[in-house]
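Chemist: Okay, here's what each chain looks like letter by letter:
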Amino acid sequence: MNFYLVQFLAGLASAASLFLVSSGLSIIFGVTRIVNFAHGAFYMLGAYVAYSLTERLSGALGFWGGIVVAALVVALVGALLEMLLLRRIYRAPELFQLLATFGLTLAAEDLSLLIWGPEDLLGRRAPGFRGAVDVMGLPFPSYDLFLIGIGPLVLLLLFLLFRRTRWGVLVRAATQDREMVAALGVNQKWLFTSVFTLGVFLAALGGALQLPREAVTHQMDLRIITEVFVVVVIGGLGNVVGAFLAAILVSELNAFGILIFPKISLILVFLVMALVLVIRPMGLLGKAEGPTRAHASAAAPWRPLDGSVRLLVMAAVILAALLPFAAGDYALSVASELLIFMLYAASLHFLISTGGLVSFGHAAYFGLGSYGAAIAVKSFGAPMLAALIAGPLLGCLGALLFGWFCVRLSGVYFAMLTLAFAQIAWSVAFQWNAVTGGDNGLLGLWPAAFVATPARFYWLTLALVVPAIAVLRLIVFSPFGYAFRAVRDSQLRSAAIGLDRQPIQWASFVVAGTFAALAGALYTFSKGSVFPDNLGIPLSVDGLVMVLLGGIETVSGGIVGALVFKALSIWLTSQTDYSKLALGALIVALVVAFPKGIVGAIEGLGGRKVRP
Amino acid sequence: MKKLQSILVAGIVFVCLPTIATSVSAQDKIKIGEINSYSALPAFTEPYRKGWQLAIEEINAKGGVNGKMLEVISKDDGGKPGDAVTTANELVSKDGVVMLTGTFFSHIGLAVADFANQKKILFIAAEPLTDAITWSKGNRYTFRLRPSNYVQAAMLAEEASKLPAKKWATVAPNYEYGQSAVAVFKQLLSAKRPDIQWVDEQWPPQGKIDAGAITQAVAKAEPEAILNVTFGADLTKFVREGNTRGLFKDRPVVSFLTGEPEYLDPLKEETPEGWIVTGYPWSGVKTPEHDAFLKAYQAKFNDYPRLGSVVGYATMMSAAAALAKANSTDSEKLVDAAEGLEVKTPFGPVTYRKSDHNSTLGAFVGKTSQKDGKGVMVDFTYRDGLKYLPSDEEVKKLRPAQ
Amino acid sequence: MTVLSVKGLTKSFGGPKVVDNVSFALEAGEMLALIGPNGAGKSTCFNIINGQLSRSAGEIRILGVDTSGLDPSRIWRLGVGRTFQITETFLSMTVIENVQMALFSHHRLLTVWRKPARHFHAREAEALLDLVGMAEFAGRPCRQLAYGDLKRLELAIALANEPKLLLMDEPAAGMAPRERGELMSLAARIAKTRAIGILFTEHDMDVVFEHADRIMVLNRGVLIFEGLPEAVRRSAEVQAVYLGAGTLYAESHA
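Protein chains in written order, with our numbering: chain A, 1 to 612; chain B, 1 to 402; chain C, 1 to 254.
Hints listed in this document are in silico derivations from the structure and should not be mistaken for laboratory results. Accuracy of the hints is not assured; some may be wrong.
As the list claims (entries may be wrong) - Distance condition first, Cα-Cα at most 27 Å in a straight line; then the derived DSS-like pairs of lysine-lysine:
(1) B:Lys-29 x B:Lys-344
(2) B:Lys-119 x A:Lys-378
(3) A:Lys-263 x B:Lys-186
(4) B:Lys-249 x B:Lys-68
(5) B:Lys-387 x B:Lys-192
(6) C:Lys-7 x A:Lys-287
(7) B:Lys-300 x B:Lys-162
(8) A:Lys-263 x B:Lys-167
(9) B:Lys-29 x B:Lys-62
(10) B:Lys-220 x B:Lys-249
(11) B:Lys-354 x B:Lys-300
(12) A:Lys-378 x B:Lys-192
(13) A:Lys-263 x B:Lys-249
(14) A:Lys-263 x B:Lys-344
(15) B:Lys-397 x B:Lys-367
(16) B:Lys-220 x B:Lys-208
(17) B:Lys-325 x B:Lys-354
(18) A:Lys-378 x B:Lys-397
(19) B:Lys-325 x B:Lys-249
(20) B:Lys-333 x B:Lys-286
(21) B:Lys-120 x A:Lys-378
(22) A:Lys-263 x B:Lys-374
(23) B:Lys-68 x B:Lys-387
(24) B:Lys-387 x B:Lys-374
(25) B:Lys-186 x B:Lys-50
(26) B:Lys-50 x B:Lys-220
(27) B:Lys-166 x A:Lys-263
Unchecked claim - Okay, the calculated bits of chain B under chain A, using three or more residues with CB under 8 Å as the criterion:
(28) 241–253
(29) 313–323
(30) 351–364
All residues carry an ideal CB built from backbone N, CA and C; glycine is no exception.
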């Protein structure tokens with residue numbers, strides 16, 4: 001019995017750290033609707049700065065002062081970033097801020113590496129909370145007790161801040177209706193800045209308070225960011241109390257889950273999130289939002305390619321087909337990889353741009369495609385061409401299954417459920433050693449003899465990718481594609497003309513998943529091996545970046561985004577160890593320069609838009 | 001201009017790629033391709049890089065190999081197997097390297113090993129620990145330097161069998177490395193000590209240990225001894241939590257790799273007393289080979305070597321030795337030369353066994369302790385890897401038929 | 001022919017009844033206005049008929065079909081067109097594509113293959129735009145339309161499935177006075193020529209009295225009066241409700 005109490009307390013202590021970081025993210029999202037990918041980076045910076053300060057300042061005051069000052073310093077950095085960067089792009093299409101904060105995260109990782117060095121840094125223990133206290137006969141770290149107290153304390157302070165101050169009332173109003181607050185004549189700019197600063201302060205404080213518990217590393221950011229997102233979503237977006245409950249739920253389930261299934265931690269939070277979202281589509285305490293209003297897109301209505309441009313595209317494809325006569329083996333392998341990622345990005349772009357369905361887990365279908373192909377070869381001895389069918393088939397089945405649940409939700413909840421399913425698929429690939437080879441993957445999956453040379457494989461890839469992208473475009477301009485766009489444009493209007501949102505979105509989800517899986521199957525043979533990375537979060541994020549970079553309001557911007565992003569990252573990886581810094585800075589620069597994405601910007605230059 | 005995108009797609013593919021594709025190589029140098037997770041794991045790969053840089057400098061200072069200077073083209077793999085294969089391809093297809101070396105993560109090592117097999121080019125896997133790379137998924141072109149998972153487990157199981165403890169618990173990261181480390185350790189220890197009971201196992205996800213809950217869970221099982229396979233940030237967290245909660249009090253702990261400076265140094269005053277570990281006590285090794293290495297390393301970098309430094313150094317020495325023995329840059333001849341190749345390393349001479357392509361590099365087994373607030377290894381001895389590797393007959397059964 | 005019949009319609013959101021035992025019928029070709037002060041339950045009533053809200057009790061028949069449990073898209077397929085208080089159109093499309101979209105759905109043409117969508121039902125869409133006087137805007141991006149034009153576009157969209165019942169929620173809201181009259185005249189003309197029954201809510205009493213064939217007055221969820229415009233104007237009860245709220249005078253002379 002005593003043991004279970006202590007285990008419960010251990011869970012609470014973990015929940016406290018998780019809550020601090022989550023509450024900040026929740027507040028930021030609630031008001032600004034920014035999916036702040038950099039939240040983990042601020043958490044990490046908080047820990048690093050706190051380390052530097054507490055190593056220099058001595059005594060209890062030095063330690064605790066260092067923790068608070070670190071959080072303040074990082075909050076200041078956050079405020080500056082909000083003013084210099086995010087303010088410029090609030091009007092950009094939805095989620096574009098995600099791209100900016102992703103760029104910041106990449107850069108922050110390498111910057112912290114340059115400033116604090118590569119090694120793990122273990123900070124001091126907290127003065128006054130060094131040892132353990134006796135809790136019903138079992139030793140329990142006194143610092144954990146301190147954390148258990150901090151969680152509710154912060155919740156209480158936030159509660160008072162939101163209920164008892166004018167600022168808090170404004171923030172709550174903004175969480176419910178942003179347009180209304182703007183109409184009230186409140187200076188929205190400063191409201192956003194102050195909210196962002198508070199959120200960053202909480203993240204940094206969460207990081208700083210980890211100092212006595214764990215070593216500071218430059219991987220802290222990514223370790224926490226997904227978990228924090230999950231907690232925020234389980235709790236209900238913008239709901240701080242929900243985040244608090246979710247943090248406790250997740251931490252306690254983990255603390256007790258490992259007693260029965262020691263391997264559960266790997267996937268637990270995602271299982272919980274999937275379950276919660278399937279049962280409660282708005283999270284534990286989230287409120288159902290009414291049908292969203294039709295939103296105006298700034299871009300000109302989409303048109304299929306007209307005659308002259310179609311000729312140009314055909315010429316370009318022919319030129320691409322002639323590439324093997326001009327390029328070497330490595331260039332051709334890279335070109336194949338670029339083509340594969342173009343298809344991957346195009347499939348995600350179809351979901352996001354045409355249907356407004358932002359998937360955070362699109363890599364699942366890419367990965368299912370690559371595993372489908374690999375397993376067909378390894379377990380069933382299928383020839384390569386059969387494997388290239390088996391891959392998309394598995395992706396299609398996966399999309400059918402996962403999509404059915406996902407299209408019941410919308411917005412960020414949809415995005416997070418796709419992420420949850422992707423992580424579940426990932427963990428299956430990661431754990432099912434007998435079939436997937438676990439994290440050691442499946443090897444020896446090289447192209448069949450008839451496409452064994454890089455040139456032939458390139459041609460095969462081209463022959464599959466170009467028609468696949470063409471089909472995706474065809475769908476966009478087909479009546480079905482119009483219907484898919486219609487349910488994005490206006491839920492009310494589309495329901496009022498007899499369009500059923502869910503079946504249309506489900507079908508589109510399956511289409512996108514199947515094409516992503518085709519890309520994944522090709523990827524398997526271009527690399528000769530598959531690993532769980534093929535369905536991992538980084539690949540999903542890469543896909544998002546490609547789409548956003550290309551331009552979300554374009555028909556096929558993702559293709560260009562994929563080309564630019566993938567070519568850059570291959571080149572940078574090859575040229576420098578600080579590719580993340582370079583890529584991150586570049587993304588931030590692109591975001592500021594081209595808030596409509598690359599293709600969106602090119603279209604703007606063309607001035608084809610008819611002015612109202 | 002909506003259409004520009006499509007033009008760009010095809011246009012950029014066609015126009016830009018050939019410029020990347022120029023591959024001209026001067027033949028007065030022998031090029032060696034080197035891949036590692038420099039951006040993803042700088043704490044481990046930086047010392048590694050310094051190690052091979054020192055080796056190259058020494059080799060070229062003595063006139064290179066076969067009258068030619070060695071040039072290392074070093075690339076980052078970003079910690080992703082897919083990118084590692086792209087990089088390997090660049091090195092082989094574009095840069096024209098004669099062999100590949102490096103890698104840290106097991107799965108990346110496996111991906112590159114498979115690529116090497118496909119391209120028929122020698123690959124010396126420097127750091128991957130997985131047994132699969134030379135056994136179940138071994139191939140003709142792949143060799144591995146560092147003492148494998150199996151060897152580490154065998155060394156530790158030998159020590160563990162001398163302990164009186166009968167009830168054991170294990171804590172290991174939940175992926176192939178952790179799983180196979182625990183499996184081999186259990187198998188070897190149970191073989192030596194049939195009386196041993198395994199009372200608990202914990203599998204925190206790599207990098208995301210919930211140390212408080214794990215520590216409690218292990219304590220609840222009341223083991224008499226603990227096997228730890230966690231490392232890095234997880235280890236630090238686990239150790240601090242375990243120290244606070246008294247988990248390690250009067251309980252022997254056997255721990256993989258914890259004596260390596262990469263993992264031991266961050267622990268500082270948290271370093272637990274008396275853990276039985278494998279590692280590299282750089283300041284305490286007193287052999288002429290190591291002294292020479294240490295002196296040169298410190299002179300060049302003004303820093304002390306980590307285990308990665310030794311591995312990096314020995315990797316490039318192995319590459320040079322293979323080239324010298326083959327007296328050729330032909331892949332097949334290099335592979336033939338690498339089989340049974342003898343190389344001098346800071347730990348003494350090692351051999352790449354013909355039977356399974358594992359080197360016989362060993363490790364130090366000793367106990368952890370604290371000295372001036374820093375973690376050190378005490379009571380250590382060097383264990384030759386050969387002593388712990390299965391016999392040639394046994395590994396033959398483990399490797400796929402050629 | 002009765003296109004819409006409502007019997008004993010009741011709705012409560014857990015608390016007091018927002019719509020209380022409302023019954024009425026609407027004939028083909030008739031324009032029926034539903035008026036009442038703010039919070040009278042007009043919108044709730046409307047949203048139950050169009051399927052957006054569920055009812056607590058009562059029966060609704062559209063062209064003889066009981067609509068309980070049907071969602072808006074099923075109700076639309078019965079032959080119901082709809083316009084919104086604040087226009088809901090597909091802003092990423094052109095004007096004609098908006099109408100075509102409704103036609104695709106009406107003709108159950110959600111295919112993926114064959115020619116691009118814009119080639120389907122273009123004639124029909126043009127005819128509908130012509131009907132509402134929007135033919136010249138066909139190729140314009142929808143988001144560039146003035147508000148009054150959007151309202152007319154909505155009408156064209158609503159007519160795409162050859163409806164027998166048209167539900168118009170405050171059709172004149174947000175328009176200039178002259179535009180309001182034009183739109184309502186247009187709607188009335190179409191209702192008569194195509195034998196469509198129109199149920200609409202409206203705040204602008206000029207519009208109501210000028211165009212409605214019949215008027216229903218709702219107050220606190222209860223239907224307090226129903227009759228011809230003159231009768232409504234004379235009704236003391238209605239006067240009381242509106243004068244009590246002080247809105248009838250203000251709104252009709254605003």
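Chemist: Is the Cα-Cα distance between Lys-68 (chain B) and Lys-387 (chain B) 27 Å or less?
Modeler: violated, 36 Å
Chemist: Hint check: Lys-263 (chain A) vs Lys-186 (chain B), CA-CA at most 27 Å. Holds or violated?
Modeler: Satisfied, since the Cα-Cα distance of roughly 18 Å is no more than 27 Å.
Chemist: Starting from Lys-249 (chain B), check that the Cα of Lys-68 (chain B) is at most 27 Å away, please.
Modeler: Status violated; Cα separation ~57 Å.
Chemist: Would you mind confirming whether the straight-line C-alpha gap from Lys-397 (chain B) to Lys-367 (chain B) stays at or under 27 Å?
Modeler: violated, 35 Å
Chemist: Given the hint that Lys-220 (chain B) pairs with Lys-249 (chain B), test it: the Cα-Cα distance must not exceed 27 Å.
Modeler: holds, 14 Å
Chemist: With a cut-off of 27 Å on the C-alpha distance, tell me whether Lys-263 (chain A) and Lys-249 (chain B) pass.
Modeler: Answer holds: Lys-263 (chain A) to Lys-249 (chain B) is near 26 Å, not above 27 Å.
Chemist: Assess, step by step, whether the Cα of Lys-378 (chain A) is no farther than 27 Å from the Cα of Lys-397 (chain B), and give holds or violated.
Modeler: holds, 21 Å
Chemist: So if I understand the rule, the pair passes when the alpha-carbon distance is 27 Å or less; does Lys-325 (chain B) with Lys-249 (chain B) pass?
Modeler: violated, 52 Å
Chemist: Given the proposed pairing of Lys-263 (chain A) with Lys-167 (chain B), does the C-alpha separation stay at or below 27 Å?
Modeler: With a Cα-Cα distance of about 21 Å, the restraint between Lys-263 (chain A) and Lys-167 (chain B) holds, given a limit of 27 Å.
Chemist: Quickly compare the C-alpha distance for Lys-333 (chain B) and Lys-286 (chain B) to 27 Å and report which way the hint goes.
Modeler: Violated - the C-alpha atoms of Lys-286 (chain B) and Lys-333 (chain B) are around 36 Å apart, more than 27 Å.
Chemist: Are there three or more residues in the segment 313–323 of chain B whose C-beta lies within less than 8 Å of some C-beta in chain A?
Modeler: violated (count 0)
Chemist: Below or equal to 27 Å on CA atoms is what counts here, so check Lys-387 (chain B) against Lys-374 (chain B).
Modeler: Violated: Lys-387 (chain B) and Lys-374 (chain B) sit about 31 Å apart, past 27 Å.
Hints 4, 6, 7, 11, 12, 14, 15, 19, 20, 22, 23, 24, 25, 26, 29 and 30 from the list above are not met by this structure, while the remaining hints are.
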